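2 protein chains.
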Amino acid sequence: MLNAIDKVILEEIADLHEVPLGAYNIRKNGEGISRNTTANIDIITKKDKPGIDVIIKPGTKGESVHIPVIVSQEGLKDIVYNTFEVGEGSDVVIVAGCGIHNSSGESEQHDGVHEFFVRKGAHMKYVEKHYGEGDGTGERILNPKTVIEVEENGLVELEMIQIKGVDKTVRDTDVILHENARLIVTERLFTNSDQSAESNINVKLVGEDSSAQVISRSVARDDSKQIFHMNLIGHSKCRGHIQCDSIIMDNAQVSSVPEIDALDSDAQLIHEAAIGKIASEQLTKLMTLGLTEIEAEDIILQDFLE
Amino acid sequence: MLNAIDKVILEEIADLHEVPLGAYNIRKNGEGISRNTTANIDIITKKDKPGIDVIIKPGTKGESVHIPVIVSQEGLKDIVYNTFEVGEGSDVVIVAGCGIHNSSGESEQHDGVHEFFVRKGAHMKYVEKHYGEGDGTGERILNPKTVIEVEENGLVELEMIQIKGVDKTVRDTDVILHENARLIVTERLFTNSDQSAESNINVKLVGEDSSAQVISRSVARDDSKQIFHMNLIGHSKCRGHIQCDSIIMDNAQVSSVPEIDALDSDAQLIHEAAIGKIASEQLTKLMTLGLTEIEAEDIILQDFLE
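Protein sequences appear in the order of chains Z and C. Under this note's numbering, residues 1 to 306 are what the first sequence spells out, in order. Under this note's numbering, residues 1 to 306 are what the second sequence spells out, in order.
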């Protein structure tokens, strides 16, 4: 069922060499091709639209769900709606991610709409990796929409990584945090050639003592374009911090348009953004150690996106 | 010509006890009431619309221009268009500012549109203070629009201060910086009661080696609202830094919506914004020295807005 290309993609987006342990659902070219459930994690195909419901029982700890998506069919425009019920007090890792292999002249696209209900006191780590490859001239397009509601005392960690090879992306992430709920977002974005990427993160700090930390790092090379809208809205006593750093090279363009709104005088919100090129001292230092300029650049960029 | 109220206003907005030294033009309730020119600085009434042209000869150094505006007439809506030609290599201080005294039930408004051409190598310091007073229920409204073009090697320092008593303000500031031109903006904004303030600063870094530094500090008390749009657009090799700090108290609301756009890979742009209340340690420290909470708050706020 999994051919050589699929295996490369699975390794890139989910660090998987074979089928994963625990619960999983592998989607290829618009269809589920392989699934496993566990005693605590059920996966049910949606009846009204493409996608799955993932139901994690309250108190489930130390389990994982893998839901990789492979797109390799010429001209495919795949849309999927996945819903996650992360039960009260559970502690789970969910690994999503999509890899597109395009060797055709037509575009291939995957739009993943993910909705998460993280119940009281639950801890969810959600990892999403996006990757494109293939020598076709057709575009590789990935538009994830991630909607998360975090109940009291919940903790959500998001790792959202676009490794390489994605020609166009619009990433929408909307999070609502209730009382004492916490959010930690790590975003990594790389574009080159004439790729474009837009990332929109909206966090509503609704509950008392909720907190959010968003750290975004990106590298834009060649003629690529990136735009970031990172918004924190403090509706009550809360703390929020956004840090958005971009390295810009060649003819690339980067825009950062954040918004912080304190609607309560006990809201503490901080935003920091910096756009600039690699510090020349860093380059010089590595080059005096014997590296070429390109090698030195590569090391600095890899380190920055780690 | 200047009554007791006028003198209080002049002192608040321009630190003037009597008529100023150097060139000046005093406008009261929509009319110029007093003017002085010097050998190097001419002031000419516009023919096509209300306002003046201020022409500063190339090489003029160490001179100042005062152009205070007094509004104290019930229901007045005053609009004025002033144009400044700041000659090549000159070094001048321009003190504007508007004070509104409203003891009526109707609103009083002053919209000052200021356009500056700062020629090659010129240094202009522009100070603008806004102030409202009077026990009337009518609103005191000030909408300044400031448009500045800075030629090669020019330096512009802006000090824009809204002291108190302004019920509504929309402040628009647009600056274009050419080669090696520098901009330093200091903004101070205070609102209380149900006042609202919007400040929009757009800086285009067009020329090689241009640089901009914008430091904005504000305090929002009671039910007041503030919104900031601070934008830096880097079109070439340039450096820009925005720092926007707000103290929020009571039921006030503050939004910060900056934008940094690097359209050139040699543009280095940084934005920092923080919204929060007074640090409780600071309050505690001053209160252990014998101050009441209100006295301690006042000292911290004054210090912050200095």
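You may find that some hints are simply not true.
As the list makes no split between identical chains, a pair holds if one copy fits it or if it spans any two.
Straight-line distance between alpha carbons at most 20 Å, and here's what the computed PhoX-like set of lysine-lysine pairs gives [to be verified]:
(1) Lys129 to Lys168
(2) Lys46 to Lys57
(3) Lys61 to Lys277
(4) Lys225 to Lys120
(5) Lys120 to Lys61
(6) Lys277 to Lys237
(7) Lys225 to Lys237
(8) Lys47 to Lys277
Calculated directly from the structure, the hints in this document are not laboratory data. Quick caveat, the model's predicted, so the values are computed rather than measured.
How the hints compare with the structure:
1. When the C-alpha separation of lysine 129 and lysine 168 is checked against a cutoff of 20 Å, the pair qualifies only within one copy, where the shortest distance is 15 Å, while the shortest distance between copies is 48 Å.
2. Taking identical chains as interchangeable, the C-alpha atoms of lysine 46 and lysine 57 lie at most 20 Å apart only when both belong to the same chain, with a minimum of 18 Å there against 77 Å between chains.
3. In this homomeric assembly, lysine 61 and lysine 277 never come within 20 Å of each other (Cα to Cα): the closest approach is 43 Å inside a single copy and 39 Å across copies.
4. In this assembly of identical chains, the alpha carbons of lysine 225 and lysine 120 never lie at most 20 Å apart, being 39 Å within a copy and 34 Å across copies at closest.
5. Only within a single protomer do lysine 120 and lysine 61 lie at most 20 Å apart by alpha-carbon distance; the minimum there is 14 Å, versus 68 Å between protomers.
6. For a Cα distance limit of 20 Å, the shortest separation of lysine 277 from lysine 237 across copies, 11 Å, qualifies, whereas the shortest one inside one copy, 37 Å, does not.
7. Taking the shortest Cα distances, lysine 225 and lysine 237 sit within 20 Å of each other only across copies (18 Å), while inside one copy they are farther apart (36 Å).
8. Taking identical chains as interchangeable, the C-alpha atoms of lysine 47 and lysine 277 are never at most 20 Å apart, the minima being 49 Å within one chain and 50 Å between chains.
Hint compliance for this structure: hints 3, 4, 8 are not met, and every other hint is.
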